[in-house]
Amino acid sequence: MTAINGTSVPRIPPDESAADPQRLLFGVSLEAVRRPERLVFALPLAGAAVGAAVGGAALFSNAADAFAVPVLGLLGMSLLVAAAYLRTRNDTLDRAALILAGLCLAAIALLLVLPEWMYGGNVNGIVHRSVVSGPLLLVLSTATAAHAIRMLLGASPSGQDLALYPVFALPIVLALIAYGIVLGRVIVSGVGSLSLDLLTTAWRQDQGVTGFTYQLGFFNNIMGTFLLIAMTLLLAIFPGVGAGVFMSEYPGRVARVINFCTTMLRAISMFIIGAAALGLVHAAGSLDPGSFLSQLIRGSYADATGIRPEKGSFLTASLFLALLVMPVIARLTEEGLRSVPREIREGTVALGATDGYGLRRILLPWAAPNILTALLIAGAEAAGSLAILMFLAGPGQNGVGPLNGVTSLDYAVFATRYGPRTYFDTMRQYQSTAALLLLLLTLGLTALAMVLQRRFAKRYRGSMIAN
Amino acid sequence: MPSVPFGPRPGTRHRQRPRRGRLVGLWVLVLSVAALLGSPGGAAADSGATLRIDPPSVKVDGGETFTLNIVQSAPVSTTGAQTNVVFNPVFVHVVDVKPGPAYSAGVFVFGSADDGSSGSVEAAIAKANETGILANVAAFLLPGSGSVPPGDAVFLTLTLQAQHGGGGSTALVLRGAPGLNNVAMLDANGAELAVNTTQGMVVVAASAGGASQSATPAGVASPTPGAGGGGATGASGTPSGPADVYVAPTSIQLQAGMPARVFFVARTAGPVSSIAADLAFEKDKLEITGIEPGPAWSEATIVAGDAGRTPDQAIADANATGVLKQAGVFLLPGASDLPSGEGVFLSVMVKGKVDGTSTLALSGATVLDAQGGPVLLSSPVPGSGPALAGSGGGFDPTGLVALAVVLALLAGGTWLIRSGAIPARRLRRWPFVVSLMLGLIPVVLFVAIVVMLVVNSLPVLNDPGLPALLGDHYSSKYSGQNLGQFGLLPALWGTVLITVIAIGVALPVSLALAIVATDFPMGPLGRVVRPVVGLLSGIPPIVYAVSVLVFITAFMIPKFAANSTYAAFDPATIGAKGTWPPPDVPFNAGSFPWDLTGLSNSTLLGGMLIALLVIPFMTPLIADAMRDVSSSAREASLALGANRSYTLRKVILPLAMPGIVGAVALGTLKALGDTLIVAFAVGWSADSIPQPLLDVLERTPSLAAQSAGLIGTFETLNDSCKPAECAVGYSSALLLLLVAGVVVLFLTYVQARGRRRVLA
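Same order as they appear, the protein sequences are chains B and G.
According to the working numbering, the stretch in the first sequence is residues 1 to 467, in order.
According to the working numbering, the stretch in the second sequence is residues 1 to 760, in order.
Hints in this document: simulated from the structure, not taken from any laboratory.
Computed from a prediction, not measured in an experiment: that's the story for all the values here.
The C-beta atom is built at its ideal place from N, Cα and C for all residues, glycine as well.
Watch out, some of these pointers could steer you wrong.
According to the in silico footprint, chain B covers these stretches of chain G (three or more CB under 8 Å from chain B) [said to hold, decoys possible]:
#	segment
1	61-74
2	100-109
3	139-151
4	318-329
5	524-532
6	633-646
7	663-672
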């Protein structure tokens, strides 16, 4: 350790590691681990491993379900054995182990005698039970493993930390498996039909002499998605950041009202906002298609006989999407501003800055990473929000611009399954490809935003706080 | 002690460095995004295969039995064909169906499993005579049995019997219909060919003194006796009011070689099943290149020309003679959702041959009402509408102009402020004013939306009445029974259940992910989790909805399929071309492919799907909340000797609790709203509260889905819900809003209490 004024500061030995500081297992000396009354807890640990394996298998198949009760019994027994051994050696009562063993017994009882309210629609007698046994096993195994690790390695603080590892690892691993399956399927099934041609051709339906002719592709959908994201963010960032600033800088009754309304805007399901958009477009349907207002709201394309209306324009869709997205931006801005340390705020005012200067130069840059997170979430929602697009979108074959009919990749994914006949008939086989494209696009945007977020945090908050 | 630097005081204007460059870059980015265009051009090929009825038009007496052939004509050799035959069962009944001699060695199938008509010819024919659709008749040659040579061949022979009763006529149409297969032919490789069809016509002479046929199939009423053959200009009156049919524009400006469009518009008082009219034009000045149905008629069959001519042949005739005869649209009488009101029913594509103006005239319009009877026409209104020069589609600069105006305003405002044109002291209060005004925007919009919901739900107090909404049964046009019960309790229960399951699954996972990402990195797992969660947060929900099938094949089928009645069902064939999904039944949950396992429309599945959506949304919010805990508290705890788990439990989590509660609130709200996505898997309408209450393997969809089902339409803006249904839909949306409001208030209260406790 460091020397101060020539004398060395004595080192305070950690618990029980003084004997052999070199032989450490996860921060705990092997001597401490090797004591028999601790080693016996390797038994429940092994039992937990078996339980986790069987529980995981039980999630996927019926066959493993038959082993659920025996494995639970094994788990309970191992816990009881370990607790008994500890009691006889050390005269300490391991309450947690006893409780866990009791829970195992209760689980066995539950599985054997399923109560009526869980039975439900009796498809076959084993149905509900196998849904229950897998998760039960997993949860109990995790708890047992955590307790066993704590008893094994709990002699030191870092060993106690290890006890939490299974508790966190279980949900994370399950979630990663689930996402892996879902996204893997999208990738695998979509990658087959992916081609440059598909990406650079716009979908087009033309009236030929003997019927309709088609040109298939996703180009206009991709461009539409970009435009939609850009316009939505542009429209949403000012009210969102403004609301967030007001809520955090000028608290009071008005701020509480704004807070409530902003949160409730998020609560209005996206479908309702879609219905509002539909209502607006419906009302605009009675306008003359050539008028500027109709073009603004419904979108239009120029044709031989004049201006024909589309279902809904990018402007309308972005407007309503911005409604959806404002609350997220406001809330995150507020959180970011709230997290500015008091010293910095006081320093700013003490040095004579005005409100505006403080906001512009200090506070908003500090909150910039939060705002960027919010913009990222907002962009993803704009790309993926279905309800509004369901009502307003079309194939977008007349071009992509603020006053054209709205379209996006989201619409492509949706319409290739549930869309109008002409689109559906021609693009049915490309549904997975559309989903894959959407996935890739959003992943790319997200990755970009994450990189930017890190740089912003470093620049405006100082390197000691950036992570 | 740092001193205040000399120079301009903070708060007054002074130039900074490359900020402006960044701003310019942002605007350039925005402008270039806004300048994106679409649409190159191109063309694709057509197969030229046709199915036609031979002879195309027959006249029979009541009671007479006769035969018709469906003849296929293809430029390549084929191995199979399928079609549906749509007719008016009031006038003819099908007696027998046989494949043609070319397919005698092949397989002959008919009917569809859904309506129980497969299995025997008799059952299929009985069903056809009931509904007017002889469904899914197909004949195939198995691989190895050869193929039908190109050219004409008889595909099916129909034996029909004309019914007694008032004379009339029916068209025999070969078309796809909702829930049935398309009309198609297979070539020698088994690939599907697109087929053009023509219709036939059977005219049944009025039998002397015959009583009208008593059998009235569902939805089709017998027309007034004595009406002449359908298709003549209406002589007798009908229940629906008069109709107008006109062309727009009546005078069209042409440029040589440039395409243009002419619209046939009809204005009707009630629903109509078919409209057709003659169009007279100057054949030296323009030629017709094609016809397509109007938006409300997108499902209809196009008819044109004399009986027995395909639309293409009719167009060729028209270009030769200058008159396009009887061009229009046809839907089956008695079908639901027949269009009504005013709208374009047909649009005719034309191409100019010379420069100049040409006049168009409409005549001989025939309109058939919902029962197939003729509709009286008022005298045709001269066409209205602009006569503008054609210019073709493409780049429309209006959008760019508007965007440029907005950006110019922003630029002007920024310059105005920065250049000091407004004195500094007046600027000092600007953050308050500006943020107040911006912050009021969401308030105003929220209030507007709530007002819209309330106003649109008010009719519900009259029509079904408030007590009816509290009932626990619900039936609608999408659940098949349509008894007019509007109880909202099942949907409310479904919403709550799905949300509870979703948050119950998502909260532990989100917490674990956030903790591992910020304070508790567990070696390699911690390094992986942070970027993975960041990436996952961007994925849109429709991708998950599309992949829900994978959940079923991975989890549900192995567990439950062995015990269901469809044990032999092979999930690999789901979505196989030609078998699934049925073309257009978006709201009928019973027809989703995964319903075949008997179980998978389950709330548990829906809850898990929403949890998948909510986890990437909530995790960054929780992680941000934990990161924003001031590092001094964290470091103090660690310095005093606590290990990481103690610090986590006793210091960080309590300090971050308000932020975590806020994140959970937002996640709950997102789950409440996104139950709409789940409806694609779980179903759209909630029939009744499941018994027992907590049975999560049954289907209990949600308020949002129900609202969507009632209010929303996929196809056109012309369809809309009946007033009672609309009001109930909006009131379910209002109920959802109320539930969300309760959640928000509760969580705000918890958050405020947490903040006070921690920061006091």
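Checklist entry - When the hints from earlier in the document are held up against this structure, which numbers fail? => result 1, 2, 3 and 4
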